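Quick note, the sequences are listed as chains A and B, same order.
Each step along the first sequence adds one to the number in our numbering, with nothing skipped, and position 77 is 77.
Each step along the second sequence adds one to the number in our numbering, with nothing skipped, and position 48 is 48.
Among the clues, some could well be false.
Stated by the list, open to error - Listing some non-contacts, in silico: residues in chain A with all C-beta distances to chain B over 12 Å:
no.	residue
1	G23
2	E25
3	R26
4	L44
5	R53
6	A74
7	A91
8	A108
9	N111
10	P112
11	E114
12	V116
13	R120
Claimed, not checked - Here are a few chain B residues that face chain A, going by a calculated C-beta distance under 10 Å:
no.	residue
14	M1
15	L15
16	I36
17	V61
18	V65
19	L67
20	G74
21	L75
22	V104
23	L124
Simulated from the structure, these hints should not be mistaken for lab results.
All values derive from a computational prediction rather than experimental measurement.
Built from N, CA and C at the ideal position, the CB exists for glycine as well.
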Amino acid sequence: MLENKGHPNRLGIWGWLGGGKWGFERYLYTLHRLTGLGLLLYFLLHIFVTSARAFGAEAWASSMGAVSGPPGTARGLFFTVGEFLVFAAFAFHAANGVRLVLVELGFAIGNPIEPVYPYRTSVHEQRPLALGIMVVAGLLVLAGGLDFFILH
Amino acid sequence: MRDQRLWTWHVLAGLVILVFLGLHMAIMHLDVLVGIFNPADPHPIAWANVVARAKMGFFTVSYIVLLGAALFHGLYGLRNILFELGPARGVKSALNLVLAAGGVGLFVFGAWAAWTAGALARTL
Numbered sequence: 001m002l003e004n005k006g007h008p009n010r011l012g013i014w015g016w017l018g019g020g021k022w023g024f025e026r027y028l029y030t031l032h033r034l035t036g037l038g039l040l041l042y043f044l045l046h047i048f049v050t051s052a053r054a055f056g057a058e059a060w061a062s063s064m065g066a067v068s069g070p071p072g073t074a075r076g077l078f079f080t081v082g083e084f085l086v087f088a089a090f091a092f093h094a095a096n097g098v099r100l101v102l103v104e105l106g107f108a109i110g111n112p113i114e115p116v117y118p119y120r121t122s123v124h125e126q127r128p129l130a131l132g133i134m135v136v137a138g139l140l141v142l143a144g145g146l147d148f149f150i151l152h
Numbered sequence: 001m002r003d004q005r006l007w008t009w010h011v012l013a014g015l016v017i018l019v020f021l022g023l024h025m026a027i028m029h030l031d032v033l034v035g036i037f038n039p040a041d042p043h044p045i046a047w048a049n050v051v052a053r054a055k056m057g058f059f060t061v062s063y064i065v066l067l068g069a070a071l072f073h074g075l076y077g078l079r080n081i082l083f084e085l086g087p088a089r090g091v092k093s094a095l096n097l098v099l100a101a102g103g104v105g106l107f108v109f110g111a112w113a114a115w116t117a118g119a120l121a122r123t124l
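So that you can see chain B by itself, here it is in the shape it has in the complex:
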């Protein structure tokens, strides 16, 4: 039951990623063909564009949502692959702990960076 619930979240997180990572890829890597949200400079990673996007609350929120969804989707997928290899029960418990703690730690760090960048951009 627990795994069924986690699998459902895995699929839902995938759909969230499809939307937000799709937008991120279009902005960052289809910048000539699509050309959106790069108002200050043709180059998507130019500091002026980073600041312009960070000033928009939508991007701060979308980065944090994408961060959480991608970490859960990716680490749960990795957990499934590792569990399929048939590790001992103790190893499974250790993997659960490491992946969950690592995921939470990365989420806190990434969310802090997104929030701080937004706050910094609004002072410029």
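One chain only, chain A, in its complex shape:
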């Protein structure tokens, strides 16, 4: 990992890519930001697309037609996969957000200990929560995949 001592956040967004010694949770941090930005972009467009319902059935059909395609076509698959990615991003961002709230409130990080060498990091105490939360996110994504691509 590049040295940034004395230059806070000198790495900018490139620093998101380097997990370095922070490991698994650092990649969750990066993915949380990327999914957050993706969801925000989608949400801003979603406000305009779904506002068509205020103008009646025809405007709604026209608006929905612009963001979907007939089943079995490349256009239909494009929008279905896109929607699934939004669902998966939500599942990850929500589950990881719950983890972040729990950690911020002091849950699942272990009890305070004396700073005696060799020092121990609380990251290892947090790891089971992170792994458990990712299992939950994975199950949600699987449920979404089942509904999007198999049951429909």
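Given the coordinates of chain A, assemble chain B onto it according to the supplied hints.
For chain B alone, coordinates are given in the frame of chain A:
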């Protein structure tokens, strides 16, 4: 102090989103597995279902609450990411203004659409 207060609102807005967006995702995207609030047609975005949900006051209120919470949570998150890149003070002020004005504008527009759709649905 101000940022601490905004951060607390950011976290609280996230919890509101978890509940209401979770419900929205279940209705719209887990429609076969969960199958709720789509009384008129199997397809969640069918106009008949949109009208049926819009007739329920709960959905009008929940859409507006979700709209406000998601706009604040998303735009404040974006602001944090942009501020971390170390922009000049003037750029920070401009970003604050643009994000706040954009958020309020989108909230007014989205809330108007939700309210108008509810009013339209009750006439059908």
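**Report entry** Residue hint M1(B), partner chain A, criterion CB-CB below 10 Å
**Finding:** Hint on M1(B): violated, closest Cβ of chain A at ~18 Å, above 10 Å.
Query raised in the report: Does L124(B) meet its interface restraint, that is, does its C-beta lie within less than 10 Å of any C-beta in chain A?
Result: This interface hint holds because 9 Å falls under the 10 Å limit.
Query - Given as non-interface: N111(A), partner chain B, CB spacing beyond 12 Å - result: holds, 24 Å
Query - Hinted contact G74(B) with chain A - closest CB pair below 10 Å - result: holds, 4 Å
Query - Least C-beta distance from A91(A) to chain B larger than 12 Å - result: About 8 Å separates A91(A) from the closest Cβ of chain B, which leaves it inside 12 Å; violated.
Query raised in the report: Any Cβ of chain B at or closer than 12 Å to A108(A), or is the non-interface label fine?
Result: holds, 16 Å
Query raised in the report: Regarding the hint that V104(B) lies at the interface with chain A, is the smallest CB-CB distance below 10 Å?
Result: violated, 13 Å
Query raised in the report: If you take the shortest Cβ to Cβ gap from V65(B) to chain A, is it below 10 Å?
Result: violated, 14 Å
Query raised in the report: Should the interface hint for L75(B) be scored as holding, given a Cβ-Cβ cut-off of 10 Å against chain A?
Result: holds, 7 Å
Requested in this report: Compute the least Cβ-Cβ separation between L44(A) and chain B, then decide whether it is above 12 Å.
Outcome: violated, 7 Å
Report task. Beyond 12 Å from every chain B Cβ: check whether that's true for R53(A). Result -> violated, 4 Å
Requested in this report: Taking the shortest Cβ-to-Cβ distance between E25(A) and chain B, state whether it exceeds 12 Å.
Outcome: The claim stands: E25(A) keeps its Cβ more than 12 Å from every Cβ of chain B (closest is about 18 Å).
Hints 4, 5, 7, 14, 16, 17, 18 and 22, counting from the list given before, are not met by this structure.
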